[in-house]
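Peer 1: Listed below are the residues making up each chain.
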Amino acid sequence: MTGSARRSSGGSLRARVRVPQLRGLRVRLVVAFTLVAVLTAASTGALTFREARTGVLQQSQDAVIKLLRAQVGKLAPELDFPPGESELRRFAVDVAGGEPSGIWRVLVDYGDLSVTSAPDDPFEELTPALRSAVDTSPATVFQRVNSGDHTALVVGMSVAYAPSEAGTVTSGIQVFLAVPQTNERAYVDALVAAVERATVAALALAVLLALLAARGVLRPVRALRRATRSIAEGRLDTRLAVDGSDELADLSHTFNETAAALEESVAELRGMEARARRFAADVSHELRTPLAAMSAVTDVLDEDADRLDADTATAVRLISEETVKLARLVDDLMEISRFDAGAAVLHLDEIDLAESLRRTLAARAWTDLVEADLPPPDALRGRVDPRRLDVVVANLVGNALRHGARPVRLRLYEDEKPGAERLAVIEVLDSGPGIPDSVLPHVFERFYKSDAARTRTEGSGLGLAITTENVRVHGGTVRAANRPEGGAVFTVRLPLRRDELSDEGRP
Amino acid sequence: MPRVLLIEDDRAVREGVALALRRQGHEVAAAETGEDGLERLRSFRPDVVVLDLMLPGMSGLDVCRGMRALDQTLPILMATARGDDEDIVVGLEAGADDYVVKPVQARVLEARIRAVLRRAAGAPAEGGIPKIDTYGDLSIDRAGLSVARQGTPVALAPSELRLLLTLSASPGQVFSRQQLLEAVWEHSYHGDARLVDACVKRLRAKMGEPPREPRYIQTVRGFGYRFASR
Chain A
14 MTGSARRSSG
24 GSLRARVRVP
34 QLRGLRVRLV
44 VAFTLVAVLT
54 AASTGALTFR
64 EARTGVLQQS
74 QDAVIKLLRA
84 QVGKLAPELD
94 FPPGESELRR
104 FAVDVAGGEP
114 SGIWRVLVDY
124 GDLSVTSAPD
134 DPFEELTPAL
144 RSAVDTSPAT
154 VFQRVNSGDH
164 TALVVGMSVA
174 YAPSEAGTVT
184 SGIQVFLAVP
194 QTNERAYVDA
204 LVAAVERATV
214 AALALAVLLA
224 LLAARGVLRP
234 VRALRRATRS
244 IAEGRLDTRL
254 AVDGSDELAD
264 LSHTFNETAA
274 ALEESVAELR
284 GMEARARRFA
294 ADVSHELRTP
304 LAAMSAVTDV
314 LDEDADRLDA
324 DTATAVRLIS
334 EETVKLARLV
344 DDLMEISRFD
354 AGAAVLHLDE
364 IDLAESLRRT
374 LAARAWTDLV
384 EADLPPPDAL
394 RGRVDPRRLD
404 VVVANLVGNA
414 LRHGARPVRL
424 RLYEDEKPGA
434 ERLAVIEVLD
444 SGPGIPDSVL
454 PHVFERFYKS
464 DAARTRTEGS
474 GLGLAITTEN
484 VRVHGGTVRA
494 ANRPEGGAVF
504 TVRLPLRRDE
514 LSDEGRP
Chain B
1070 MPRVLLIEDD
1080 RAVREGVALA
1090 LRRQGHEVAA
1100 AETGEDGLER
1110 LRSFRPDVVV
1120 LDLMLPGMSG
1130 LDVCRGMRAL
1140 DQTLPILMAT
1150 ARGDDEDIVV
1160 GLEAGADDYV
1170 VKPVQARVLE
1180 ARIRAVLRRA
1190 AGAPAEGGIP
1200 KIDTYGDLSI
1210 DRAGLSVARQ
1220 GTPVALAPSE
1230 LRLLLTLSAS
1240 PGQVFSRQQL
1250 LEAVWEHSYH
1260 GDARLVDACV
1270 KRLRAKMGEP
1280 PREPRYIQTV
1290 RGFGYRFASR
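Protein chains in written order, with the working numbering: chain A, 14 to 520; chain B, 1070 to 1299.
Using C-beta positions, here's what the derived DEER-type ranges look like:
| hint | chain 1 | residue 1 | chain 2 | residue 2 | range |
| --- | --- | --- | --- | --- | --- |
| 1 | A | Asp319 | B | Pro1222 | 48 to 54 Å |
| 2 | B | Leu1139 | A | Arg341 | 34 to 40 Å |
| 3 | B | Ser1112 | A | Thr504 | 58 to 64 Å |
| 4 | B | Arg1092 | A | Ala433 | 53 to 59 Å |
| 5 | A | Pro389 | B | Arg1290 | 21 to 27 Å |
| 6 | B | Met1070 | A | Pro449 | 56 to 62 Å |
| 7 | B | Pro1071 | A | Arg248 | 55 to 61 Å |
| 8 | A | Arg377 | B | Gly1220 | 45 to 51 Å |
| 9 | B | Arg1290 | A | Arg235 | 47 to 53 Å |
Where chain A lies over chain B, by a calculated footprint (3+ residues, C-beta under 8 Å):
| hint | region |
| --- | --- |
| 10 | 1073 to 1087 |
| 11 | 1174 to 1186 |
| 12 | 1236 to 1249 |
| 13 | 1260 to 1267 |
Because the hints were derived from the structure by calculation, they are not lab data.
All C-beta atoms, glycine included, are put in the ideal place defined by N, C-alpha and C.
Work the whole structure out from these sequences, hints included.
Peer 2: Pasting the structure below:
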């Protein structure tokens, strides 16, 4: 009976799991791996790029300055002083010629004279800042100048004569050199491209690794989820295969231990419960044989009591009456024990339910005590166990007659709910004070007596418990409630099972 | 004075039941074991047997089968604990006519004994009904309480005979199990319908009905049984 409820909740569980899959472990791992890969590639690339670029540029400018110095040092002593414009021009051309590929452009200043190695060279790369630096510093000064797409190295130096007695004497000649840095730029561009390619490759690798790692983590997690659900559904022998020695394997191991412990304690509890129930069953069984002998002779006692003296007659009648009650109690105990042991068997037969209810009342001479509101003959047929249905109705009506006030009503009708299983509804209504709210949840419990004094009534104290079991074994439900207009109502809902094929009565 | 053979292993139950039955006017012979009971069958010639199913040594079921082998028409009443469901079915299939659940009050046992004896005694003869009805190769002597198929007598236990008489009295009419319980066994409407099913099974076997397509006693699924006369 709880099976269907569990199934439906399992369905909603599955629906709940599907939705957050977007924020699941796999996505998170991929994002994290990608982020780490991007950050690592970018920072490594940036640092490498910076270092490499500085190195390349440094080296090229050192070479240029060294060559320029050597050239000027070689050519300057040969220069007449003060030089003329044509001499300066030749000097400039000679200095520029120091670099064989001819990419050097040289500007030589002396006083108002300013000549360039190439004719009419505007020498735009030369900034005022560099010029003033050369004016003030005897050292060689350089600057990297970007103009549009081109980068150029501009070097400036004053030509000094060999040291005289007054220290280093400047000649007043300033030499400026402009070298385009196309090679260096190509280098740096290649470097950037290489870093970019490496980043893309690292990214792809990171995603792949993330997916692999996610799979490695998710597989045991999924197995764990399946196993947990399996345990929740009552398959306590569920175990996980433990492979590896990581934390997840550890978790699987712990899971297995927990499941084993759970299985063990559940088995222990079940064993204890089974022993307790078997004890109750055994006790009832043992009581039955002496009771069979006593029950056989109660009629003899009843018949002869009149002929005995008053005290003995009272004692004999007492024994007879109580023997009958004891026999009924033991019978009820046996019945409950069979339900507990799961040994209660349904003997289904298709019958007219109204007829069955009418017969239950008639067999106990209740027809005049109970208002029966039943459907016409054969209007409501169903496959039930007739004996158990009789027990159910007799217990409920008997209970109403004993504890509620008359009129007691017995109703039978079909619950017509489209699409749902066809149900027969049996209602027993009384006109008594109703059931106190504190008692209501317990009315179907075994031996539950509403008053603390536990006064004995006609019933064994098991009637409603047996009723519940009999209804349940049919797959039905029974409920107790108070009616708003007063009085209690017991409602039994039984599936009719008309479509099921019968094993009984086959040819 | 009906003669009752009581087979019961527990001394107190045996004495109690025997005492109660004697006071009801029965002549009672009590046996402690199944073997003893079978022995007494010949010497005591009982009208009805009350047989406890739980016996030490030879089981009640074996006693029941043994008695049926000796006498097909002897009324046998089983005494059993409720819930020994398997035993009840096997006992009924072994040929018991009815059963009572222990502990049983003397007047209930007495009523069952009377009912099974009435079955054996047959219905009061009614004027106008022909003595022998013939349906195909089956002939039923309603007054003489005998059944023959293709001229060969078929020995039936009281319940089987009464079941056949009841069904064949209204050929074609469908009887519910509850109706048959009341008419044949004099049980309440809510009695054990397995009595009917087991008895139909035995009756079909004795009449040599093909198990898949019975010629005379037919099952009407969802309702019960009917006798087909054609």
